[in-house]
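Top to bottom, those sequences are chains S and G.
Each residue of the first sequence is one higher than the one before, starting from 1 at the first, in the working numbering.
Each residue of the second sequence is one higher than the one before, starting from 1001 at the first, in the working numbering.
Think of the hints as simulated: they come from the structure by calculation, not from any bench.
A couple of the hints might just be wrong.
As the list claims (entries may be wrong) - Label pairs and their calculated CB-CB ranges:
hint	chain 1	residue 1	chain 2	residue 2	range
1	G	Gly-1015	S	Leu-41	50 to 58 Å
2	S	Gly-156	G	Met-1001	21 to 29 Å
3	S	Lys-64	G	Gln-1098	51 to 59 Å
4	S	Ala-10	G	Met-1007	15 to 23 Å
5	G	Ala-1089	S	Gly-229	37 to 45 Å
6	S	Arg-52	G	Gly-1015	15 to 23 Å
7	S	His-242	G	Ala-1128	38 to 46 Å
Claimed, not checked - DSBU-like cross-link-like pairs, simulated, lysine-lysine; straight-line CA separation at most 30 Å:
hint	chain 1	residue 1	chain 2	residue 2
8	G	Lys-1145	S	Lys-54
9	S	Lys-38	S	Lys-212
10	S	Lys-85	S	Lys-212
11	S	Lys-146	S	Lys-235
12	G	Lys-1145	S	Lys-85
13	G	Lys-1055	S	Lys-82
14	G	Lys-1145	G	Lys-1055
15	S	Lys-169	S	Lys-154
16	S	Lys-169	S	Lys-231
17	S	Lys-154	S	Lys-143
18	G	Lys-1055	S	Lys-38
19	S	Lys-25	S	Lys-60
20	S	Lys-38	S	Lys-60
21	S	Lys-169	S	Lys-17
22	S	Lys-154	S	Lys-231
23	S	Lys-60	G	Lys-1161
24	S	Lys-25	G	Lys-1055
25	S	Lys-231	S	Lys-193
The model shown is predicted, which means the values in this text are computed figures rather than measured ones.
Where is the CB? At the ideal position from N, CA and C, for every residue including glycine.
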Amino acid sequence: MYSVNYHRAASVADAAKLVKNGDAKLLSGGMTLIPAMKTRLAAPSDLVDLSRIKDLQGVKVSGKTVTIGAATTHYDVANDQKLQKACPALAHLASLIGDPAVRHKGTIGGSIANNDPAADYPAALLALGATIVTNKREITADKFFKGLFETALKDGEIVTAVSFTAPAKAAYEKFRNPASRYAIVGVFVVKGKDGVSVAVTGAGDDGVFRSKEIEAALAKTFDAASLNGVKVPAKNLMSDIHASSDYRASLIAVMAKRAVAAANA
Amino acid sequence: MSDVSLMVNGRRVSGVAEDRTLLVHFLRDNLGLTGTHVGCDTSQCGACVVHVDGKAVKSCTMLAVQASGSSVVTIEGLANGADLHPVQAAFKEHHGLQCGFCTPGMIMTATDMISRHPEGLDEATVRAELEGNICRCTGYHNIVKAILAASKTMAKASKGKAKQAA
């Protein structure tokens, strides 16, 4: 790891000031950034640690509105009892990220700001039609996730929370790489008041996306059987040593089917 | 450089370290606590697991300065003098190790797992919870057995204590 200057931010305002130092990066759980720094894929001059800012932590549920602070760990999302009632699919998703030690440190804000094409949260937030709240503005998920490791965040902009309306039904199914535990294909399905929405992670060559084919098939009847024979095109899907684009296309339909079955269970 | 001050195994310690120093290197090189191992150095293997503020974390993927102000427990902090911690005793009893390299991380993960599951553990849960700890010798069989046994012993012990208190 190259040399770096560490700063612990006391508040979001403090962090916004500190992040103007040199080529600073925001540090939350560090589960991606620190490994990237160790391999010298990232070499920030300064790190601004957000993880001790109390305002950024915790899950709030009021009526149907769920708000999750950006520095809430995967472990705390997975185990939040209010969330387990309001949107069990999201709590379940958090319990599938990495391993227990990673979940103790990694945060939802860090994950979405990084926007790894195989990360789990982007699929959930896109399907849920969530809003990403920053220290400057609110951005809807479909405008936030821009591509591989790319988001709508401007330099120094800090994710403070995500919020969404708890859906009537939702579920997440993930086919994971057994070594990295990242999704080879992950499908988050939502049946809400605005209809059905289905987002796919791990597969798109431009990051998370909504599957029109699956959504169309589920529009009439939200049932796993509606997906029999539905073909997802392999075009624009990733192909790598782990899975070909054809295999990923097939997995999307299978994971979607399982997710719908789980959402209806 | 930053001052790093920690409570390690109940003892207040402090030192000066480069900001890029990983917690595991601070523990091993500055404090001489070499029980915590560096296996893969890529947060996959779990040989470096310690508890920070009561939670199991991978100390190879955390800066020492990030942990400053926190309370850390390492494998050296588990035994009570010559008396092994119940998880250590169970690993010994059930032969939950061969070369022993992964063992400190396995035991730190196991103690965290047991404390998060006061309702008790079953084999499937133990195996799922061991996701972030890799052992290249044992095939996990005896590690799982040891953790299940320790979880039972510890549940009994805490019931005993509750009775005494009542």
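So, going through the hints one by one against the coordinates:
1. G:Gly-1015 with S:Leu-41: 50 to 58 Å: Violated - the Cβ-Cβ distance for G:Gly-1015 and S:Leu-41, about 29 Å, lies outside 50 to 58 Å.
2. S:Gly-156 with G:Met-1001: 21 to 29 Å: Since S:Gly-156 and G:Met-1001 have Cβ atoms about 25 Å apart, the given range 21 to 29 Å holds.
3. S:Lys-64 with G:Gln-1098: 51 to 59 Å: About 53 Å separates the Cβ atoms of S:Lys-64 and G:Gln-1098, which means 51 to 59 Å holds.
4. S:Ala-10 with G:Met-1007: 15 to 23 Å: holds, 21 Å
5. G:Ala-1089 with S:Gly-229: 37 to 45 Å: violated, 57 Å
6. S:Arg-52 with G:Gly-1015: 15 to 23 Å: Since the Cβ atoms of S:Arg-52 and G:Gly-1015 sit about 20 Å apart, the hinted range of 15 to 23 Å holds.
7. S:His-242 with G:Ala-1128: 38 to 46 Å: Given range 38 to 46 Å: violated, Cβ gap about 21 Å.
8. G:Lys-1145 with S:Lys-54: violated, 40 Å
9. S:Lys-38 with S:Lys-212: The given pair, whose Cα atoms are some 39 Å apart, is violated under the 30 Å limit.
10. S:Lys-85 with S:Lys-212: Between S:Lys-85 and S:Lys-212 the Cα gap is close to 29 Å, so the pair holds against 30 Å.
11. S:Lys-146 with S:Lys-235: holds, 18 Å
12. G:Lys-1145 with S:Lys-85: violated, 34 Å
13. G:Lys-1055 with S:Lys-82: holds, 22 Å
14. G:Lys-1145 with G:Lys-1055: At roughly 23 Å apart (the allowed maximum being 30 Å), G:Lys-1055 and G:Lys-1145 satisfy the hint.
15. S:Lys-169 with S:Lys-154: violated, 33 Å
16. S:Lys-169 with S:Lys-231: The given pair, whose Cα atoms are some 24 Å apart, holds under the 30 Å limit.
17. S:Lys-154 with S:Lys-143: Given pair S:Lys-154, S:Lys-143 holds - Cα atoms ~13 Å apart, limit 30 Å.
18. G:Lys-1055 with S:Lys-38: Answer holds: G:Lys-1055 to S:Lys-38 is near 23 Å, not above 30 Å.
19. S:Lys-25 with S:Lys-60: holds, 27 Å
20. S:Lys-38 with S:Lys-60: Not satisfied, since the Cα-Cα distance of roughly 35 Å exceeds 30 Å.
21. S:Lys-169 with S:Lys-17: With Cα atoms ~41 Å apart, S:Lys-169 and S:Lys-17 exceed 30 Å; violated.
22. S:Lys-154 with S:Lys-231: Between S:Lys-154 and S:Lys-231 the Cα gap is close to 37 Å, so the pair fails against 30 Å, i.e. violated.
23. S:Lys-60 with G:Lys-1161: Answer violated: S:Lys-60 to G:Lys-1161 is near 36 Å, above 30 Å.
24. S:Lys-25 with G:Lys-1055: Given that 30 Å is the threshold and the Cα spacing comes to 25 Å, the pair holds.
25. S:Lys-231 with S:Lys-193: Distance ~26 Å between S:Lys-231 and S:Lys-193 Cα, so the pair holds.
This entry does not satisfy hints 1, 5, 7, 8, 9, 12, 15, 20, 21, 22, 23, going by the numbered hints stated previously.
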